[in-house]
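Peer 1: Below, each chain spelled out in residue letters.
Protein chains: 2
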Amino acid sequence: MREIIECVPNFSTSDPKVVEAILNEIRRVENAYILDYTFDDYYNRLVVSFVGNRRSVLDAALNAARKAVELIDMTKHKGQHPRIGAVDVVPFIPIKGVTMQDCVEIAKKFGETLARELNVPVYLYAEAATKPERRDLDWIRKGEYEKLGEMIVQPDRKPDFGPAEPHPTAGATITGARKLMAGFNVNLGTSDLKIAKKIAKALHSKKGGLAQVKAMAAYIPEKNMTQIGMSIADYEKTPLYRVFELLKIEAQRYNVPIVSSEFCGMTPLKALIDTARYYLKIENLTEDRVIEIAIQKAAEEAQKPGAT
Amino acid sequence: MREIIECVPNFSTSDPKVVEAILNEIRRVENAYILDYTFDDYYNRLVVSFVGNRRSVLDAALNAARKAVELIDMTKHKGQHPRIGAVDVVPFIPIKGVTMQDCVEIAKKFGETLARELNVPVYLYAEAATKPERRDLDWIRKGEYEKLGEMIVQPDRKPDFGPAEPHPTAGATITGARKLMAGFNVNLGTSDLKIAKKIAKALHSKKGGLAQVKAMAAYIPEKNMTQIGMSIADYEKTPLYRVFELLKIEAQRYNVPIVSSEFCGMTPLKALIDTARYYLKIENLTEDRVIEIAIQKAAEEAQKPGAT
Chain A
1 MREIIECVPN
11 FSTSDPKVVE
21 AILNEIRRVE
31 NAYILDYTFD
41 DYYNRLVVSF
51 VGNRRSVLDA
61 ALNAARKAVE
71 LIDMTKHKGQ
81 HPRIGAVDVV
91 PFIPIKGVTM
101 QDCVEIAKKF
111 GETLARELNV
121 PVYLYAEAAT
131 KPERRDLDWI
141 RKGEYEKLGE
151 MIVQPDRKPD
161 FGPAEPHPTA
171 GATITGARKL
181 MAGFNVNLGT
191 SDLKIAKKIA
201 KALHSKKGGL
211 AQVKAMAAYI
221 PEKNMTQIGM
231 SIADYEKTPL
241 YRVFELLKIE
251 AQRYNVPIVS
261 SEFCGMTPLK
271 ALIDTARYYL
281 KIENLTEDRV
291 IEIAIQKAAE
301 EAQKPGAT
Chain B
1 MREIIECVPN
11 FSTSDPKVVE
21 AILNEIRRVE
31 NAYILDYTFD
41 DYYNRLVVSF
51 VGNRRSVLDA
61 ALNAARKAVE
71 LIDMTKHKGQ
81 HPRIGAVDVV
91 PFIPIKGVTM
101 QDCVEIAKKF
111 GETLARELNV
121 PVYLYAEAAT
131 KPERRDLDWI
141 RKGEYEKLGE
151 MIVQPDRKPD
161 FGPAEPHPTA
171 GATITGARKL
181 MAGFNVNLGT
191 SDLKIAKKIA
201 KALHSKKGGL
211 AQVKAMAAYI
221 PEKNMTQIGM
231 SIADYEKTPL
241 YRVFELLKIE
251 AQRYNVPIVS
261 SEFCGMTPLK
271 ALIDTARYYL
281 KIENLTEDRV
291 IEIAIQKAAE
301 EAQKPGAT
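Protein chains in written order, with the working numbering: chain A, 1 to 308; chain B, 1 to 308.
Worth double-checking, as some hints may not be accurate.
In this list, chains with the same sequence are indistinguishable; a pair is considered to hold if it fits within one copy or across any two.
In the BS3-like style, the derived pairs of lysine-lysine whose C-alpha atoms are separated by at most 27 Å in a straight line are [unchecked claim]:
#1 K109 <-> K197
#2 K223 <-> K108
#3 K17 <-> K197
#4 K131 <-> K248
#5 K270 <-> K248
#6 K198 <-> K281
#7 K281 <-> K194
#8 K96 <-> K297
#9 K281 <-> K270
#10 K179 <-> K109
#11 K67 <-> K109
#12 K96 <-> K270
#13 K270 <-> K237
#14 K179 <-> K270
#15 K281 <-> K237
#16 K281 <-> K248
#17 K223 <-> K281
#18 K108 <-> K270
#19 K270 <-> K297
#20 K179 <-> K297
Since the hints were derived computationally from the structure, they do not count as laboratory data.
Please work from the sequences and hints to get the whole structure.
Peer 2: Written out as structure tokens, the structure reads:
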């Protein structure tokens, strides 16, 4: 594949039947490949990672969004993760052979089509934002689905596409283009959500924590634990080990142990390399020195026309 | 590339001209690709990693070995790393689409050809060994180049190919097939080789250390430091973090800090994953969840005949 775009749509559902129906809409598109998907009851949210070229990634995202609008009823939705609509947020990420601007164009086509076909109001965010404040997902999502009716009529909150009123069952949708980011959740050995919230606050960039980090606390009933859910917008600037070690220090303050952690979505290799470099004090580790990647590059060289 | 074999030949030289001449012999072979090479004065040793198919990997290994026999004079060689010949050891490693037995066959062809053409005695080791004790590189290399003349005439040390006498300038060669292993060197904040040797001993499998680990101590003049040079034969059984943490504990005993570390040769992805799993307590991390690998697999699926 010469051209690779990743799309990581977030849908407001954890109903296995709805999840399967949405995934099938992506699977049936030629040259679109699902890399991963996760969904949880406590977030009541489905996160899918898939890749494709310009055309297939847009087609698959639209198919999946149409199905989600059809099947998800936001008037009945509850979940710990902030959300504004059935098709909550749909970022397009340049991976290979495409620019950020290409992904901005794809996001605009996606938003324009969704609004025109289904009357869902659409906001552009991140690199596709039309105003500085709209770069921020949280600004757009303020008040969530429940207050969308009041918010959307404010002049500065007019959607980029579609009507200035919520879709009756699907709310609104946010789409845009951004860099690859890392989603990382840490499970804490406490069921006390108050403590988890304090720890999340200590990590969050806007509350005095680490730049590039958004952190939220959630309670996980089936484990009787709390979790810090984080996204690291630029994990090259703010590497994972720094986030983890600071989280450990803040948790120690409340005598709360870290039980386990998990990537939410795919793991970027660079995050693993930075982790090994830090903990093992490695000096000479780069992507090119990872055997699987080096072999892949050699294979690509071999396939170029004129290569011997 | 449907079929991938890695070859990691070790040559007894650190002369940049000789290094370049050997590398060129690999570069000129169609479908052979150098992934990495390192050489150091204090080890006086060149380690090359390259990949190819059955045919190209054998051709490139033979070309490189012929050049090394031509240019390296063991009668003048000094170095801290044990060695028995100019072309010291040449392992073949199955990576993809080939079995260990395929690599044993390649090693035998390599050894037979080298002995026949250049009169270099050749020993088979690891998975290609003809007797149990010959699985062990150190057993074969006992006495090193300097005592090779005495050792090689002993009945139980008869070479697998070639004459029972050392090549006058190239000594002997060891070849075989083995699993991918990790080479890992740790630099210590002490110039005291006695302490470094104690730490190496504590790590070495045969001396009561960790299974799968070989460790040796060396002094690095340009840094005025010592180094623990290690190979981990099966880094899935004995992961890198365990080796590193134990080394740290043994070094603390002598109040010696760990300054830095480095992979010697290529880094296996699995070693990075295990490292992140341990230090960040990650539960759900596998190769398939690393985005670069997942995309590679999707691309391979897309290239299969009949794939949509």
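Peer 1: Taking the hints in turn, state whether each one holds.
Peer 2: Quick rundown of the hints versus the structure:
1. Taking the shortest alpha-carbon separations for K109 and K197, neither the intra-copy value of 38 Å nor the inter-copy value of 65 Å comes in at or below 27 Å.
2. In the homo-oligomer, the alpha carbons of K223 and K108 never lie at most 27 Å apart, since the shortest distance is 40 Å inside one protomer and 56 Å across protomers.
3. In this homomeric assembly, K17 and K197 never come within 27 Å of each other (Cα to Cα): the closest approach is 32 Å inside a single copy and 62 Å across copies.
4. In the homo-oligomer, the alpha carbons of K131 and K248 never lie at most 27 Å apart, since the shortest distance is 37 Å inside one protomer and 52 Å across protomers.
5. In this assembly of identical chains, the alpha carbons of K270 and K248 lie at most 27 Å apart whether taken from the same copy (22 Å) or from different copies (25 Å).
6. Proximity of K198 to K281 under the C-alpha cut-off of 27 Å is restricted to the inter-copy arrangement: shortest distance 21 Å between copies versus 31 Å within a copy.
7. For the homomeric pair K281 and K194, the shortest alpha-carbon distance between copies (23 Å) is at most 27 Å, but the shortest distance inside one copy (36 Å) is not.
8. In this assembly of identical chains, the alpha carbons of K96 and K297 lie at most 27 Å apart whether taken from the same copy (13 Å) or from different copies (15 Å).
9. For a Cα distance limit of 27 Å, the shortest separation of K281 from K270 qualifies both inside one copy, at 15 Å, and across copies, at 18 Å.
10. When the C-alpha separation of K179 and K109 is checked against a cutoff of 27 Å, the pair qualifies only within one copy, where the shortest distance is 19 Å, while the shortest distance between copies is 50 Å.
11. Proximity of K67 to K109 under the C-alpha cut-off of 27 Å is restricted to the intra-copy arrangement: shortest distance 18 Å within a copy versus 60 Å between copies.
12. Proximity of K96 and K270 under a CA criterion of 27 Å is satisfied in both settings, with 15 Å inside one chain copy and 24 Å between copies.
13. Taking identical chains as interchangeable, the C-alpha atoms of K270 and K237 lie at most 27 Å apart whether they share a chain (11 Å) or sit on different chains (24 Å).
14. Taking the closest pair of Cα atoms, K179 and K270 come within 27 Å of each other both inside a single copy (13 Å) and across two copies (25 Å).
15. For the homomeric pair K281 and K237, the shortest alpha-carbon distances inside one copy (18 Å) and between copies (22 Å) are both at most 27 Å.
16. In the homo-oligomer, the alpha carbons of K281 and K248 lie at most 27 Å apart both inside one protomer (20 Å) and across protomers (11 Å), since each shortest distance falls under that limit.
17. For the identical chains of this complex, K223 and K281 are inter-copy neighbours only, at 17 Å across copies versus 35 Å inside a copy, given an alpha-carbon limit of 27 Å.
18. Taking identical chains as interchangeable, the C-alpha atoms of K108 and K270 are never at most 27 Å apart, the minima being 29 Å within one chain and 39 Å between chains.
19. In the homo-oligomer, the alpha carbons of K270 and K297 lie at most 27 Å apart both inside one protomer (16 Å) and across protomers (18 Å), since each shortest distance falls under that limit.
20. Taking identical chains as interchangeable, the C-alpha atoms of K179 and K297 lie at most 27 Å apart whether they share a chain (22 Å) or sit on different chains (22 Å).
Violation of the numbered hints given earlier is confined to hints 1, 2, 3, 4, 18; the remaining hints are satisfied by the structure.
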